[in-house]
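Using the hints, position chain B against chain A.
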Amino acid sequence: MEFAELIKTPRVDGVVLRRPFLPTVEGTLCLTGHHLILSSRQDNTEELWLLHANIDAIEKRFVGSLGTIIVKCKDLRVIQLDIPGMEECLNIASSIEVLSTLDSVSLMYPLFYRPMFQVIEDGWKSFLPEDAFKDLESMTEEWRLSDVNKDYSVCSSYPPLVAVPKDVDDDTLRKAAAFRHGGRFPVLSYYHKKNGMVMMRSGQPLTGTNGRRCKEDEKLINATLRAGKRGYIIDTRTVSVAQQAKARGGGFESEANYPQWRRIHKAIERSSILQESLIKLVEACNDQSHSMDRWLSKLEASNWQTHVKEILTSACLAAQCIDREGASVLVHGTEGTDSTLQVTSLAQIILDPACRTIQGFQALVEREWLQAGHPFQQRCSQSAYSNSKPRCEAPVFLLFLDCVWQILRQFPCSFQFSQHFLVLLFEHTYASQFGTFMGNSASERSKLNLSQKTVSLWSWVNRPQEVERLSNPLYEANCLVIWPSVAPQSLLLWEGVFLRWKRSSRCLDEAYDEMVHIIQYNKELQNKVNNLRRQLAQLETEEPLLQTP
Amino acid sequence: MEHIRTPKVEQVRLLERFSNKSTSGTLHLTATHLIFVESNNAATTAAQEIWILHHHIASVEKLSLTTSGCPLVIQCRNFRVVHFVVQRERDCHDIYSSLLRLLRPVSYDELYAFSYNPKQNEQQREEGWQLIDLGAEFERMGVPCDRWQLTDVNRDYKICETYPRDLYVPITASKPIIVGSSKFRSKGRFPVLTYFYQEKKAAVCRCSQPLSGFSARCLEDESMLQAISKANHNSRFVYVMDTRPKLNAMANRAAGKGYENEDNYSNIRFQFVGIENIHVMRTSLQKLLEVVGSRFLSVNDYLLGLESCGWLRHVKAVVDAAIFLTKAVTVEGASVLVHCSDGWDRTAQVCSLGALLMDPYYRTIKGFMVLIEKDWISFGHKFADRCDQLDGDPKEVSPVFTQFLECVWQLTEQFPQAFEFSEWLLLQIHEHVHSCQYGNFLANNQRLREELQLGDRTHSLWAFLLREQQNYLNPAYCPTYADAHPVLEPSTLPCHFKFWRNMYHQFDRSMHPRQSVLKNVLTLKESNCQLEDTIKDLETRLQKHGISPPTPDPQASPRAQRILPTRPHSLILGAPLSRKEAQRQHEEEEEEEEEEEEEVGEEVTECCSDTERTVEGSSGTERKESYSDLQETYGAKAEPAVVSLEFGVARMTC
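Just so you know, the sequences run in chain order A and B. Position 469 (the first sequence) corresponds to 469 in the UniProt record's numbering; numbering is contiguous. Position 356 (the second sequence) corresponds to 356 in the UniProt record's numbering; numbering is contiguous.
Because the hints were derived from the structure by calculation, they are not lab data. Treat the numbers as computed from the prediction; the structure is a model and nothing was measured. One should not assume that every hint holds.
[Claimed, not checked] Calculated cross-link-like contacts (lysine-lysine; reagent style DSBU-like; alpha-carbon spacing at most 35 Å): (1) B:21 / A:193; (2) B:544 / A:528; (3) A:219 / A:166.
If we strip away everything but chain A, and leave its shape as in the complex, we get (with noise of 0.2 Å):
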């Protein structure tokens, strides 16, 4: 198929783009098979590339022959077309709504990209799990990276390689893999290194309803406790919730057959309620009226806020059983893919500094989320605008940068990105030039190929000047664990976010830069003091005699 036979329109002229706190552009809108482009073909005026995957919603009006095309996106953002002539605009909505809705891979637009920019370090090979597992072999040899998943036979979602328990052998894990949701057995997610205890994630037990055991599993997990100790197991469900999959296969461990584990269940919504609580949360802050009731009664009726208290909440328990209980923990909610993510990666913001850096938290995301099988194009194929009935949709990622920003709110000097780094990677989650969020797993990453044949966000990230731009200009390398604050009070809607259209950020952004500019004119002093200070010691040692009065 070819995007010309798609596009009936390419190129419409005197088209006005309307945005909110910018001045309105007048100039000839294209149409390519990627990209929506808005110029005016003059000097010093802002051209528009809008990514069609970046489309969430249309909606068109007509005024005598003006036609009016509102463009929903997928970052929030939503902006306004006024189309002279009614079939231009006519043509231009629809291939706009077919060109943002394909479905096939292949179409994709980072299997077009091509780099504009010299790739310094291929980000598809800076995280691999070998690297990581060299850093906990180097703390550790109670543990082992097994293939047993090489060819992704075992568990679909889960990587080629995962970190196991030593004593723990690959047939056990087979065994163990067929009695968890997904095949996904528990694997290790973080090692501890101030007292050696770790972290696991897995899916649900398929315990069912005649409470079936598996003694492999047992033996997995209880292989990672030490002599005497006892372990938690976090289920990021309520129990109720915990009970009724039992009637689906799922279940939770017993008491009875995992003695030595005590387990705790937090109320971590699914996947679809989320998505549910985004779209109104994103209605209540497009809300134009002037109401204070309303828009508190509407953010509260969200729900959004509860979820990243319930999140955050959930992660500071995990990480106080493994840095103040000195216990192993094992967390799991229903496929493991979603939730346990959410706890998982939270977790180690607050107890490994080095998560907090900009490479550290690229390497979470990696490992965490992506090699650990969060099925991104599933999540992130529709976003709160979107007319047609969610499917898989559901911003956990969100979510967890969300988590992410509070913490660093609370921790300002503590992370070495600031918030754009956040809202970077969730502009690239729904709609990206680079191959990195394609794809459910690492097996459908690698079926595609899309090491050779896309780019990665990494090797954009990584490179000097977007490093600089990511970084906190606060940041004092902190090596405690930081415990956030989960009252409401301390809990702040994510602006950056939600409100990022709603106001004009002029005014914030030159207090942003006027604190950047502080910083550095101090470091700046600073390195001269010093230099003057070299400079006056040496004159001082070699003239002894100009010293003395």
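Frame of chain A, contents of chain B only:
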């Protein structure tokens, strides 16, 4: 002092507000303060001390006896809530009854301001009172001029005893008009100038409601408004903003008061704004505090509580009114007359907030003080009644001024570069409006203040704040911002109004970010000044060795800037730097050769508690916790599930 029965009680436990933790220590009761000193268990760290001024205490409650002792809950006007448990009931009762008497002073002479004595000589004290000169302020606005003049009708407080002596009226308003108009206005508060927008010669005037009843009219009052209108050639009419809801204004007519009838006043445009009265505001804030004070608060209950208490709705209403005023003046160039019922609550809020939006001067530290002095203190906002300084009518108490400060805070959040001061100044002013430590806010109006001879017997807060102004600077402030944005145009979409955690939870350490951007950047900015000095110094020394600096900096900051006031310690300024940072800073400090610089270094790592005790009132005297102490707070404050987890551990270890 005769009211103190037990000056000291030992083994008192202080319960943390949002957790199950407690510390034990000794409670001291002095003539001015209630002091809690934590028993020093670790020799390395300084003991935590909490100083509470009696004037800050809003209520004391003795709860029923428990097995561990007798609980005493103290709520403060600066939103601090402390919960003590005293072992013996008799001690608790003694403290309780002493406090009951101490926190309800019956005469002004009992207030702290009259006994407060900082180390200052008489001349410094007097100079403090002369810092702010409202005559000069009107001159700055361009008044008197060819249309507005200073009138002496109120020189002896004869026309209106709640107004200041010096008042500005239109040139054409003769004395009989003024007198007639004042008789037709509640409490004699006739229309006078409060802000003059020079660019368009438009005036902001204020007054109280007219005594119009259902049909009464007053020709002098009508001429007064006519005169205000005539003084502005830009507009044919003058806006009359009644800041009350229409229903309230109408109800007032039955009592012989009411609002202007457009038929009787030529050339006015009448507008209701709908800000609720002091009683609604009082209940609203009470409800808000109840909501945010509850433990284990869920997000939904929090948001529903924010909605149902209506506080943010009221804050928005005040800001909306100020924007209306600002637009009328700056865009239309029309003069505006603002009033409510008595013209000292909502009117003060709207006039001062409007001026803040219109005039960049009021967004500086000094200008903000002038604004408060003008629209609040001199025009007779009843601070004594509203802040409950003396034992009085509880129905007169209302957080009108607090609400104004919050409106300002909401603006600083939207325009981070427009204000010279940070929110710390707002909090500090709020603290001292209630502390009765300085004379500025005592009593209800200027006449009473003169009777009390406050200028001779007390100190001025403004002098104290200006001396410490380094601490209140907003590091992002850009003086040139005002050139591009002389008039601020805030968004009043509801989503831009936020809960002011740093005000209402100022003393609840677990709620705040553990690191403060404000404090960090402020410290860096100060350090930049010092470094510039050091560079100059080093360069001169190098010159002695015959090496000249590459480019001498002519604009090196003056030496005087080096002596910085002690940084007030506050929870909202975040936890102190982590141990590592503190250590590093300490090392750096040791490297310093000059004594002066060492002092500055210390200010970051250590906290000079002595100055705080005398200068800060009850604020900022808590011990500086190390970072790891703060870390502790999470575990205890967590969800019930975590509590059960802790139970589990207890069982396991048995």
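Hints versus structure:
no., hint, in the structure
1, B:21 / A:193, "holds, 29 Å"
2, B:544 / A:528, "holds, 18 Å"
3, A:219 / A:166, "holds, 12 Å"
Checked against the numbered hints above, the structure violates none of them.
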